[in-house]
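Undergrad: Sequence:
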Amino acid sequence: MTALSLQAVRIRANVSDLPLFAWADSRPSMHRRRRGAKPAPKHCRDCGCQINRSSRGRCKACAHIGLKRECPDDFLAMLRRFGSQGAAQHYRASLATVTRWRRELKLQPQARMKKGIGQSRPDRGFVPRPMIHNRDMTLAGQAADYLRRFGSVYRCDETGSPKPKGTHWRRNYAVLSDEQLIARAEKLGWKREFM
35 MTALSLQAVR IRANVSDLPL FAWADSRPSM HRRRRGAKPA PKHCRDCGCQ
85 INRSSRGRCK ACAHIGLKRE CPDDFLAMLR RFGSQGAAQH YRASLATVTR
135 WRRELKLQPQ ARMKKGIGQS RPDRGFVPRP MIHNRDMTLA GQAADYLRRF
185 GSVYRCDETG SPKPKGTHWR RNYAVLSDEQ LIARAEKLGW KREFM
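If you read the sequence shown in our numbering, its first letter stands for residue 35, the second for the next number, and so on.
In case anyone wonders, no lab produced these hints; they're calculated from the structure. Being a predicted model, the structure only gives us computed values, none of them experimental. Where a beta carbon is used, it is the ideal one built from N, C-alpha and C, also for glycine. It is possible that part of the hints are untrue.
As the list claims (entries may be wrong) - Within a straight-line C-alpha distance of at most 20 Å, the following computed DMTMM-like cross-link-like pairs (lysine to aspartate or glutamate) qualify: (1) Lys140 / Glu104; (2) Lys197 / Asp179; (3) Lys199 / Glu213; (4) Lys94 / Asp107; (5) Lys94 / Glu104; (6) Lys76 / Glu104; (7) Lys221 / Asp179; (8) Lys225 / Asp170; (9) Lys140 / Asp170; (10) Lys197 / Asp170; (11) Lys197 / Glu213; (12) Lys225 / Asp212; (13) Lys140 / Asp191; (14) Lys199 / Asp212; (15) Lys199 / Glu220; (16) Lys197 / Glu220; (17) Lys225 / Glu192; (18) Lys140 / Asp107; (19) Lys94 / Asp108; (20) Lys102 / Glu138.
As the list claims (entries may be wrong) - Listed next, with one range per pair, are the computed distances between beta-carbon atoms: (21) Asp212 / Phe184: 11 to 21 Å; (22) Gly223 / Thr201: 20 to 30 Å; (23) Lys197 / Glu227: 19 to 29 Å; (24) Gly194 / Lys221: 14 to 24 Å; (25) Asp108 / Asn86: 33 to 43 Å; (26) Asn206 / Gln142: 48 to 58 Å; (27) Gly120 / His77: 40 to 50 Å; (28) Gly117 / Ala95: 30 to 40 Å; (29) Lys102 / Pro75: 26 to 36 Å; (30) Lys72 / Arg92: 19 to 29 Å; (31) Ala208 / Arg114: 51 to 61 Å; (32) Phe184 / Ser211: 14 to 24 Å; (33) Lys197 / Leu222: 17 to 27 Å; (34) Ala127 / Pro75: 32 to 42 Å.
Generate coordinates for the entire structure from the input sequences, incorporating the hints supplied.
TA: This is the structure in structure tokens:
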């Protein structure tokens with residue numbers, strides 16, 4: 035602290051007595067510590083150990099004292115009956131508390147169902163377009179390609195069951211011959227291309 039002359043001390047005392055300058059002393063910034071000064075350490079009010087300045091007066095060990103609920107006597111029966119979620123609702127406790135009670139009783143963790151590793155189903159909505167050498171280049175095949183814009187069309191037998199080298203075509207719910215398929219395609223705007 036700098037040494038003040040006697041005259042400066044008197045002036046300061048007189049200024050704070052004046053009602054005009056009384057507001058200056060009442061400002062909160064007037065009594066703050068200077069920048070760069072180390073803050074005073076904060077201590078736990080229960081055990082006295084040093085704590086973080088932003089905490090509310092108790093250390094972590096003291097803050098939990100009295101807050102932990104003891105495991106109820108009928109906990110095992112309720113756990114078997116309701117499971118963890120149901121026991122948490124029954125005792126009005128959090129799931130973390132029920133998990134702590136399970137650990138205190140040395141119970142095994144619950145087994146969960148694992149996902150199967152079986153084959154995943156392919157997306158049924160997308161059918162890759164066949165290569166040129168696999169494409170049916172007959173008139174009925176070209177008409178079927180045109181009709182696929184409007185819905186499902188594939189080769190089948192007379193009964194309607196799918197067969198790649200069948201003699202008939204299945205369009206939506208109808209089983210059609212080659213001539214009927216070409217007639218439907220022409221009705222919807224298909225034009226024959228002669229090769």
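Undergrad: Each hint should be assessed against the structure and marked as holding or not.
TA: Cross-check of the supplied hints:
1. Lys140 / Glu104: The given pair, whose Cα atoms are some 15 Å apart, holds under the 20 Å limit.
2. Lys197 / Asp179: holds, 17 Å
3. Lys199 / Glu213: It holds: about 17 Å lies between the C-alpha atoms, which stays within 20 Å.
4. Lys94 / Asp107: Roughly 28 Å separates the two Cα atoms, so the pair is violated.
5. Lys94 / Glu104: Distance ~19 Å between Lys94 and Glu104 Cα, so the pair holds.
6. Lys76 / Glu104: violated, 31 Å
7. Lys221 / Asp179: Holds - the C-alpha atoms of Asp179 and Lys221 are around 15 Å apart, at most 20 Å.
8. Lys225 / Asp170: With Cα atoms ~17 Å apart, Lys225 and Asp170 stay inside 20 Å; holds.
9. Lys140 / Asp170: violated, 69 Å
10. Lys197 / Asp170: holds, 14 Å
11. Lys197 / Glu213: The hint holds at about 18 Å.
12. Lys225 / Asp212: Judged against 20 Å, a Cα distance of about 15 Å means the pair holds.
13. Lys140 / Asp191: violated, 65 Å
14. Lys199 / Asp212: With Cα atoms ~13 Å apart, Lys199 and Asp212 stay inside 20 Å; holds.
15. Lys199 / Glu220: violated, 23 Å
16. Lys197 / Glu220: violated, 24 Å
17. Lys225 / Glu192: violated, 26 Å
18. Lys140 / Asp107: Holds. Lys140 to Asp107 sits at ~15 Å (cutoff 20 Å).
19. Lys94 / Asp108: violated, 30 Å
20. Lys102 / Glu138: Since the Cα atoms of Lys102 and Glu138 sit roughly 12 Å apart, the hinted pair holds (cutoff 20 Å).
21. Asp212 / Phe184: 11 to 21 Å: With Cβ atoms ~18 Å apart, the hint holds.
22. Gly223 / Thr201: 20 to 30 Å: holds, 26 Å
23. Lys197 / Glu227: 19 to 29 Å: holds, 26 Å
24. Gly194 / Lys221: 14 to 24 Å: holds, 21 Å
25. Asp108 / Asn86: 33 to 43 Å: holds, 40 Å
26. Asn206 / Gln142: 48 to 58 Å: For Asn206 and Gln142 the Cβ distance comes to about 56 Å; the hint holds.
27. Gly120 / His77: 40 to 50 Å: holds, 43 Å
28. Gly117 / Ala95: 30 to 40 Å: holds, 32 Å
29. Lys102 / Pro75: 26 to 36 Å: holds, 28 Å
30. Lys72 / Arg92: 19 to 29 Å: Holds, since Lys72 and Arg92 (Cβ atoms, about 23 Å apart) stay within the stated range.
31. Ala208 / Arg114: 51 to 61 Å: holds, 59 Å
32. Phe184 / Ser211: 14 to 24 Å: holds, 19 Å
33. Lys197 / Leu222: 17 to 27 Å: holds, 25 Å
34. Ala127 / Pro75: 32 to 42 Å: Distance hint for Ala127, Pro75 holds at roughly 36 Å.
Consistency with the previously given hints fails for numbers 4, 6, 9, 13, 15, 16, 17 and 19, ordered from lowest to highest.
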